[in-house]
Every structure is written in structure tokens, then in C-alpha cells.
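Participant: What follows is the residue order along each chain.
2 protein chains.
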Amino acid sequence: MKCILLAASAAAALSAPAAAQTPPSPSPAGQPAVTRPAPTPPAPVDPRVAALRDAALKDEVGYDIVEGLTTEVGQRLAGTEAEARARAWGAAKLKALGFKNVRIETYQMPVWVRGAEEAEIVSPFPQKLKLAALGNSGSTGAQGLTADLAVFPSMTEFVNAPAVAVRGKIVYIGNSMQPTQDGSSYGANGPARFTGPAMAAAKGAAAIVIRSIGTDTHRLPHTGVTNFPAGTAAIPAAALAVPDAEQIERMAKRGKPIRMHLVLTPQQTGSHESGNVIAEVPGSDPGAGIVLIGGHLDSWDLATGAIDDASGVAITTAAAKRILDSGKRPRRTIRVVWFGAEEVGGFGGEDYAKKHGTERHAIAAESDFGADRVWRFETTLPAGAKPISDRLASALAPLGIVRGTGGAGDGSDIEATIKTGVAGVDLNQSGLRYFDVHHTPDDTLDRVDPAQLQQNVAAWATMLAVVADAPEEIGSVTRP
Amino acid sequence: MKCILLAASAAAALSAPAAAQTPPSPSPAGQPAVTRPAPTPPAPVDPRVAALRDAALKDEVGYDIVEGLTTEVGQRLAGTEAEARARAWGAAKLKALGFKNVRIETYQMPVWVRGAEEAEIVSPFPQKLKLAALGNSGSTGAQGLTADLAVFPSMTEFVNAPAVAVRGKIVYIGNSMQPTQDGSSYGANGPARFTGPAMAAAKGAAAIVIRSIGTDTHRLPHTGVTNFPAGTAAIPAAALAVPDAEQIERMAKRGKPIRMHLVLTPQQTGSHESGNVIAEVPGSDPGAGIVLIGGHLDSWDLATGAIDDASGVAITTAAAKRILDSGKRPRRTIRVVWFGAEEVGGFGGEDYAKKHGTERHAIAAESDFGADRVWRFETTLPAGAKPISDRLASALAPLGIVRGTGGAGDGSDIEATIKTGVAGVDLNQSGLRYFDVHHTPDDTLDRVDPAQLQQNVAAWATMLAVVADAPEEIGSVTRP
Numbered sequence: 001m002k003c004i005l006l007a008a009s010a011a012a013a014l015s016a017p018a019a020a021q022t023p024p025s026p027s028p029a030g031q032p033a034v035t036r037p038a039p040t041p042p043a044p045v046d047p048r049v050a051a052l053r054d055a056a057l058k059d060e061v062g063y064d065i066v067e068g069l070t071t072e073v074g075q076r077l078a079g080t081e082a083e084a085r086a087r088a089w090g091a092a093k094l095k096a097l098g099f100k101n102v103r104i105e106t107y108q109m110p111v112w113v114r115g116a117e118e119a120e121i122v123s124p125f126p127q128k129l130k131l132a133a134l135g136n137s138g139s140t141g142a143q144g145l146t147a148d149l150a151v152f153p154s155m156t157e158f159v160n161a162p163a164v165a166v167r168g169k170i171v172y173i174g175n176s177m178q179p180t181q182d183g184s185s186y187g188a189n190g191p192a193r194f195t196g197p198a199m200a201a202a203k204g205a206a207a208i209v210i211r212s213i214g215t216d217t218h219r220l221p222h223t224g225v226t227n228f229p230a231g232t233a234a235i236p237a238a239a240l241a242v243p244d245a246e247q248i249e250r251m252a253k254r255g256k257p258i259r260m261h262l263v264l265t266p267q268q269t270g271s272h273e274s275g276n277v278i279a280e281v282p283g284s285d286p287g288a289g290i291v292l293i294g295g296h297l298d299s300w301d302l303a304t305g306a307i308d309d310a311s312g313v314a315i316t317t318a319a320a321k322r323i324l325d326s327g328k329r330p331r332r333t334i335r336v337v338w339f340g341a342e343e344v345g346g347f348g349g350e351d352y353a354k355k356h357g358t359e360r361h362a363i364a365a366e367s368d369f370g371a372d373r374v375w376r377f378e379t380t381l382p383a384g385a386k387p388i389s390d391r392l393a394s395a396l397a398p399l400g401i402v403r404g405t406g407g408a409g410d411g412s413d414i415e416a417t418i419k420t421g422v423a424g425v426d427l428n429q430s431g432l433r434y435f436d437v438h439h440t441p442d443d444t445l446d447r448v449d450p451a452q453l454q455q456n457v458a459a460w461a462t463m464l465a466v467v468a469d470a471p472e473e474i475g476s477v478t479r480p
Numbered sequence: 001m002k003c004i005l006l007a008a009s010a011a012a013a014l015s016a017p018a019a020a021q022t023p024p025s026p027s028p029a030g031q032p033a034v035t036r037p038a039p040t041p042p043a044p045v046d047p048r049v050a051a052l053r054d055a056a057l058k059d060e061v062g063y064d065i066v067e068g069l070t071t072e073v074g075q076r077l078a079g080t081e082a083e084a085r086a087r088a089w090g091a092a093k094l095k096a097l098g099f100k101n102v103r104i105e106t107y108q109m110p111v112w113v114r115g116a117e118e119a120e121i122v123s124p125f126p127q128k129l130k131l132a133a134l135g136n137s138g139s140t141g142a143q144g145l146t147a148d149l150a151v152f153p154s155m156t157e158f159v160n161a162p163a164v165a166v167r168g169k170i171v172y173i174g175n176s177m178q179p180t181q182d183g184s185s186y187g188a189n190g191p192a193r194f195t196g197p198a199m200a201a202a203k204g205a206a207a208i209v210i211r212s213i214g215t216d217t218h219r220l221p222h223t224g225v226t227n228f229p230a231g232t233a234a235i236p237a238a239a240l241a242v243p244d245a246e247q248i249e250r251m252a253k254r255g256k257p258i259r260m261h262l263v264l265t266p267q268q269t270g271s272h273e274s275g276n277v278i279a280e281v282p283g284s285d286p287g288a289g290i291v292l293i294g295g296h297l298d299s300w301d302l303a304t305g306a307i308d309d310a311s312g313v314a315i316t317t318a319a320a321k322r323i324l325d326s327g328k329r330p331r332r333t334i335r336v337v338w339f340g341a342e343e344v345g346g347f348g349g350e351d352y353a354k355k356h357g358t359e360r361h362a363i364a365a366e367s368d369f370g371a372d373r374v375w376r377f378e379t380t381l382p383a384g385a386k387p388i389s390d391r392l393a394s395a396l397a398p399l400g401i402v403r404g405t406g407g408a409g410d411g412s413d414i415e416a417t418i419k420t421g422v423a424g425v426d427l428n429q430s431g432l433r434y435f436d437v438h439h440t441p442d443d444t445l446d447r448v449d450p451a452q453l454q455q456n457v458a459a460w461a462t463m464l465a466v467v468a469d470a471p472e473e474i475g476s477v478t479r480p
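For the record, the sequence lines run as chains A and B. Residue numbers for the first sequence follow the UniProt record's numbering, beginning at 1 and rising by one. Residue numbers for the second sequence follow the UniProt record's numbering, beginning at 1 and rising by one.
Honestly, the hints are just simulated from the structure, not real lab data. Predicted model, so just to flag it, every value in this text is computed and none were measured. Watch out, some of these pointers could steer you wrong.
Identical chains blur together in the list; that is why a pair holds if it fits in one copy or across any two.
In silico lysine to any residue, SDA-like type, Cα no more than 20 Å apart, as pairs [said to hold, decoys possible]: (1) Lys256 / Thr146; (2) Lys253 / Asp446; (3) Lys128 / Glu81; (4) Lys128 / Glu72; (5) Lys128 / Glu118; (6) Lys128 / Ala84; (7) Lys100 / Lys128; (8) Lys128 / Gly68; (9) Lys355 / Ala416; (10) Lys95 / Glu280; (11) Lys328 / Ala50; (12) Lys253 / Leu149; (13) Lys128 / Thr265; (14) Lys128 / Glu117; (15) Lys128 / Ala82; (16) Lys128 / Ala116; (17) Lys354 / Gln268; (18) Lys128 / Arg85; (19) Lys256 / Gly68; (20) Lys58 / Thr405; (21) Lys256 / Glu72.
Turn these sequences into a full structure, and let the hints steer you where they fit.
Facilitator: Below you can see the structure in the form of C-alpha cells.
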């Protein structure tokens, strides 16, 4: 999961296509109630869809994929030999599951790798702290650097600080991120990571350490990519574990200058191969457009990426497998993509759109927000396809999934495809636990609740059964 | 906290002095109920004791000590300059709080220090694992060693394994430790760490990695001391984080040999200075014996030791401070000791007993099981002092503390003193969260719940008020 939630909330602010379905309250305060129009009866649920959905609640394929990929491959940083092993593992697994047209499509991408990572308070209270370099961080060199901290409680204070307060120092930026159901606190607090380092470089800082963009209190820092604009030299940039960030804030309250020694030796290693793994459930009507689903295969290097995003590839693949095994060829081809190199810049999604952007896609949908239960769905469908949303609402309701009023098309891997005018369907997962673990060494198999994973598979199987067989045409949409 | 809970459960098994107070059920199934004897009325609570207790629920001194020691000193491994800084910090703090006879008593001890720590599965599923060397671990040398794993699900299977199954291999020992209120699962599962490495060395293993003796699922290994008998060369010995241990167990189920590369470069650095910090609330009756309380000042090197055991020194000190400030000199001198070098072998407790064992002690009591609420008290008092336990029962009941039927005298720092025949009073804390964090990098200030810490201070202040002023003689006890 990258900064897609920023895009999501921006989209939500700009568009509420379903809002018109809910009339404003007819009973202003102090006035007699007006009779509401009779509610539209829910769309009937195709018994075949209901049966597929209910059977998927006992799915075992999804967990098997997460368990296998995380155990037999482990971490799979984009562009490394580990990601190549993951592609081979994925292609073999997809073939063994009976998918058609299984292939790997490769591309080249710049690769950054982690080095040594040490931080130590030199004075006034000598002690070591835990941190992890951010993707694209510069290096301090093996000897490290020593400088005073410029402590900012949040991004706002840092943005407003003059360069003179920062020059030659190590910038510290705090945050007060809390868990949110829709993950929107990531969008609110993430800029300290997304753009803080570039801004610190522009203000002349020697380096930057941020409080992890996370909601846990373990000594496991949250890494993640940052970007420096062309022409700006990357400064050393890292995230402190939350307890270590709190330690700095306690020290700062004591009022004495805080001096830190920092060693970060990551490297840009040049261009290397990455790739997407693609598989299909062939449809009967080539003209009806492809249903594109998937997640990303690469993970950060600190953990086995069980929730980010082995679960996403597992959920979407297990759902497609249920259609494959259902005995009825779907109208539309379902294409499952295990995208490469999402974490470090969305290279897999870009490559897919470059190679397949001219093919007709009916919808694109991604699972990249962990493995906790789906609580809401949202769609961005062209006008004539609205009955599909009504049928989704009826079919998903027994899974505890409500209909949202925002747009859809979340997921950085499908972003480039969505931008070409393809409709989106989002199955939103609960974000309440996600940022406890996101991009930390704790993103391991034990974080996946098998029952919640099954609910996800059931939601996706339901969505596929409804959308892939929908008789309506699903044409291009104009994105808000 | 070391292996004291083994001793505690052994003591509980051997003695139940208060059990006679609870008659066996007079109503066997199917028979008419027999009238129980009228219960003994509870001992009255001295209003002064009640007032001290209730005021202590708003204590701020305890949290201030934990916060200060963990922030301003941080980790304080025994025998290092960090522990020396902690002693200086402690002596200054105790003087500032107004304690009398504040002094540092030093001794020499052997010091082991951590080095590099890396583990990597070479085949069949290459990936890095997280682990931490155990105290007194041998070194692999900088180049490390590579060997096949001999996987044992638990200590029992390992104990029963012939040497030929182990020779030249890296032993893995699992466990299935669960949280327990009284911490007894530490005693049940701890031997894999306490004696597993020595046994592995005796069987000819190249090294040993155990599943952490812990109840969490974070990628933070639990260190802790192990011991090799004289004449046995220390082999490399480490604890894997629980998710990493589970990863090995999943790999093992696939049936292929697992090859590991292990780098551990800790060192024994010879003899260095450690010490105890001692402070007193002087009593009015030197002949009545000292009330010895405290916790240990040293911590493991991976964290700031907030619950192990900054909380113990803070709780006991804050409680003694309440007696100091109460305006009434206690009958007995209360001696607070911040013991050094507990984690690595109880050197501070041994030195204290050597230097002070001939002084008359009324009781000894230690707080070394975190910062969660006290739920039970137990005593080992000589016959004539039994009314003290009755008064404790009445005075502690409003804090939700029940009277236990086992013996007392837990705490490795007071073990040597208790062995001389000194009575013990235990205020048992809940162990349900303790082993999530014990000896891991997560033992930081955020683990301390201020309200539960205050309940501890109130319990200790109550105990001190009752015991230090008790008119009864508290003579020597024969330990079970």
C-alpha cells in the first residue's frame, strides 16, 4: 500500500455519484415529518452467485497462497533476486491451480537497497535508537554523521520553519497518527514521509528522521518510499520506531540540545529486472472487456509481506479460482495480475498499462490493504451499468458489506489503467489494524486472520460472479 | 526477572501454610449442606494505614522514576558504563527525594557483551531471521557457521534425543508458552533457555537457537541469561523472535533439510565494576530489624528496561518515600536497594547478602515482575508474627488484592538474604502481559500503565506501613 489513500480521499471529496440515491432528510428540525418515498426493493440475488459466495467462506486456497509465498519465498524486495524467485513461485502456483495464459512480463527498474542502520543519541542522554531507512534515502557514508536535532512535533511546524532553523541539522518530524477504518489517517500523516525528506533537503538539512507513519507502539520502524525531485541530492532519511520517537520527544521536553550520530548506508544499485505475473480465466465474449484484478507481489525487505500484499494476490487469485472451478465459463475474461515493484514506485502497474492499455478493460480492482474484513464497496461505473452496483449491494450484504457513496479505483497498481477511463470497483477492508504492521518487520503470517481472509475471498468471488457475467455493457468512464 | 518463578512454584508445591485456614468443602455432592464455622472477622485497618494507601493511588513519584531512568539513562547492562551512569542517576534521585544514608556499594563481576547477530536460512527457502544472543552465548566468529538444523518442537523431545541426532548441527527448540497470571509458564518453558544450551553443548551441537521464551508474536526476540557449567565451552546460543521460530516450524513440516548460516559474535570481556544503590528511611528501633525492599537497576541491553525493572525500583522507592513523608518515623528502618547485575546472574543480591547478611532483617521483599496490578499477597512469617498477615489482608483488600496460600520470598535479588532465614512478603503482580515484552526491545516506557503502577505503589506503601510498624517480633523463619 502506497499513498493511494490520498488519492482516494481526494476522489471522495470531489465526487459522490451515489449520493443522489439518498434523498436529503425530508424532516427539518421543528417541522412535521414528511412521508419518505417507498424504498427501492433490493435487486434479487442470483442463486448461483449466492452459492459461490457462501462456499467461498470456507476457502482454503487463499490462505494456502499467503502461507506458501511468505514461507517459501519470504521478503521479496522489488528488482532483487528474491522478487524473481517470487515470480517463479507465483507462475508455478497459478499453473498448478489451473489458470490459463500464465506468463511473466518483465521490465527494468531502478533498485535501491538497504545498508547499515544505526542511530545513537550522543548527548545529553546517550543511548541507541531503532530506525529504518526510507526507500531512496541517501547515505551518510560508513562513518555516519553527527549533528543536533531540529525537533518538530508535526509536519505543519516543519513546513512553517525557516531554513535557518534546519540547516546542517538532523530534522525530526513527529505525528499523532491514529487508526482509522478507511485508512485516511495515512493520507493525513504520510506527507512527513512522502515529501518531508525532499523538503528537508531543500531547506539544507543534513538528514531527516521521522516518527514512523504507524499506529503501533513496538520497536519496529515503518519503512516506505520517499522521493527526491530530479536535481535534489537525496539526504539520509529514516523512520524511527514509535517508542524511539517518543523517547526523542521526552528528551526534547527537557530543553537541552540533542545530538545524534546517524549511520545509514543504503545504495542505488542501478537498473534491474522486475516483472508482473499474469494469469487468466478465459471468458466467452472477448468484446465485453477484461475484468482486471490483483495485488502486488513485491514486499518491503523487512518482512515477508503477509498483509502487504501476499494477502491481496491470494484473495484475488482464490476468488478467480472459484469462478474457474464453477463449471461455467464467465462472459468476461478475468485477468489476475500479481504486480511487481509496487512499493518502490508502482513500476509493475505502469508497465502493465503500457503493454495492455489498448485492450478493452471492463473494470479494474485491486486488493492492497491487508487481510482484514471487507466492510464497504464502492464503484465508479458508467451510467448504463448502474444495475451492476445494485446487484452487488444485494449480493454482498450478507457478508456485512455496505454500499459506499464515494468513487472507486483505489490501488496504485491499477492507477495507470484506471486513468485510461476504466471503471473501478473497490472492496474496502478495515484499516483499524493495518498501520500497526504496515511496512514493518511484523508483517508476517501470524497477522492474517484466516476467517477474515475467507470473508475477503467470498466478497471478491461475489464481485467477480456479478461483474464478469453482467449483461450490461461496461464502457469507459470519465474519472472525476 | 530471572528463573525465580521456578523457585516460586517449587515452594508453592511444597508448602501451603495458610491452607489450613480454608476448611475443605463441608458439602459433598448429594449430601445436605453442613453449617460452616463462622468466619473469623477481618483484622481492623489502622486509619493511618488506610489513608496512606488511598493517597498512594495518586502517586506521581513512581512514574517519575520510571520515566526519568528510562529516558535519561536508557539501557543499563550490568557491569557497563551505562549501569554506572544509572547508579549515579539513582543515588542523585534518592538524595533529592530526601532518603537517608544514600550510598553506592560496588563489586566486581564478569561481563558479557553482545556482538553481531545474524541468521539466514540458506536452503531450501533462503531468507533472514531475527534473533538475539543469550547472555553467556559463545561466538561463531565473524565468518559465522553453517549447519543443518535439528528441529525439536519442545524441550522434552530435545532432552530425549540421542547425541547422534544433534552432533555438529544447530539445535532448534520450540515451545508453546502461554500467558499465565502467576508467571508459572515461564518456569515450565524456560528450561529451553536456562539449560538447553548447556545440554546442546554436551550433546555435541554446533550451536542452538530456541523459540523465544515469550508470549507475543512480534519480531523482537527475548534474550536472557544461560549458563554453561565449568569445563563446558560455551556454544553460540540465541533466541529467535516468535514469528521466526514459527517460520522454521512451517519449513520443517515440508520435510526437507533446513540449512542455516549463523553469525553471533558476543564476548566475555573480563571483570568489571557493578554496584548496588542503597537508601534508607531510618527507624526508631534498631533492634526490630530492617525491612529490605527493592528491585534491580540493571536491564538487558535491548531496551530501556521499563518493566524489568525500572518499575520495581520505582514502585518500592515511591512507597518508601510515602512513609518518609508521612510525618511519623517507622519502628523499623526501611532499606531500599536498587540492586545491580540481576539479569546476568544476581551479583548485586549476592554482594548485598555478603556485606549485610549479619545485620538483622525483619523481612525482605522485591518487586521484579513488571508494572501491572498486584492481585495477591503471600507471606512467610514466623509463628508469632501471623497477625501481621491478617492485618495485611484487611488493608490490601480494597486494592483488589487477595491472600494467597503459598510461601513468599520471590525475587532473585533477595534470594541470598532470604536464604539466611529472613521472612518474606510477596506482592504478586499479574503476569498476563509480562512475557509479551520481557527481555525484548519492547521493554520501554509505553508498556507501563500509570494507573496500575499507582496501584502497585499503594500496595507497597500499605505493606510497609503495616510491617515496619508491627509491634510483633519478626524473627528468623525456616524456609521450606
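Participant: For every hint, state whether the structure bears it out.
Facilitator: Structure-based check of each hint:
Taking CA atoms no more than 20 Å apart as the test, Lys256 paired with Thr146 passes inside one copy only; the shortest distance there is 16 Å, against 48 Å between copies. Taking CA atoms no more than 20 Å apart as the test, Lys253 paired with Asp446 passes between copies only; the shortest distance there is 17 Å, against 37 Å inside one copy. Taking identical chains as interchangeable, the C-alpha atoms of Lys128 and Glu81 lie at most 20 Å apart only when they sit on different chains, with a minimum of 14 Å there against 32 Å within one chain. For the identical chains of this complex, Lys128 and Glu72 are inter-copy neighbours only, at 12 Å across copies versus 34 Å inside a copy, given an alpha-carbon limit of 20 Å.
With identical chains, the CA atoms of Lys128 and Glu118 are at most 20 Å apart both within one copy (8 Å) and between copies (19 Å). Only between protomers do Lys128 and Ala84 lie at most 20 Å apart by alpha-carbon distance; the minimum there is 17 Å, versus 35 Å within a single protomer. In this assembly of identical chains, the alpha carbons of Lys100 and Lys128 never lie at most 20 Å apart, being 53 Å within a copy and 34 Å across copies at closest. For a Cα distance limit of 20 Å, the shortest separation of Lys128 from Gly68 across copies, 16 Å, qualifies, whereas the shortest one inside one copy, 36 Å, does not.
Within a single copy, Lys355 and Ala416 get their C-alpha atoms as close as 11 Å, which meets the 20 Å cut-off; across copies the closest is 75 Å, which misses it. For the identical chains of this complex, Lys95 and Glu280 are intra-copy neighbours only, at 10 Å inside a copy versus 75 Å across copies, given an alpha-carbon limit of 20 Å. Taking the closest pair of Cα atoms, Lys328 and Ala50 come within 20 Å of each other only inside a single copy of the chain (15 Å); across copies the shortest separation is 77 Å, beyond that limit. In this assembly of identical chains, Lys253 and Leu149 lie within 20 Å of each other by CA distance solely inside one copy; the values are 13 Å within and 49 Å between copies.
Within a single copy, Lys128 and Thr265 get their C-alpha atoms as close as 17 Å, and across copies as close as 19 Å, so both meet the 20 Å cut-off. Proximity of Lys128 and Glu117 under a CA criterion of 20 Å is satisfied in both settings, with 11 Å inside one chain copy and 16 Å between copies. With identical chains, the CA atoms of Lys128 and Ala82 are at most 20 Å apart between copies only, with a shortest distance of 12 Å across copies and 31 Å within one. Taking the shortest alpha-carbon separations for Lys128 and Ala116, both the intra-copy value of 14 Å and the inter-copy value of 15 Å come in at or below 20 Å.
Taking the closest pair of Cα atoms, Lys354 and Gln268 never come within 20 Å of each other, the shortest separation being 25 Å inside a single copy and 59 Å across copies. Only between protomers do Lys128 and Arg85 lie at most 20 Å apart by alpha-carbon distance; the minimum there is 15 Å, versus 35 Å within a single protomer. Taking the shortest Cα distances, Lys256 and Gly68 sit within 20 Å of each other only across copies (15 Å), while inside one copy they are farther apart (51 Å). In this assembly of identical chains, the alpha carbons of Lys58 and Thr405 never lie at most 20 Å apart, being 30 Å within a copy and 49 Å across copies at closest.
For the identical chains of this complex, Lys256 and Glu72 are inter-copy neighbours only, at 12 Å across copies versus 49 Å inside a copy, given an alpha-carbon limit of 20 Å.
Checked against the numbered hints above, the structure breaks hints 7, 17 and 20 and satisfies the rest.
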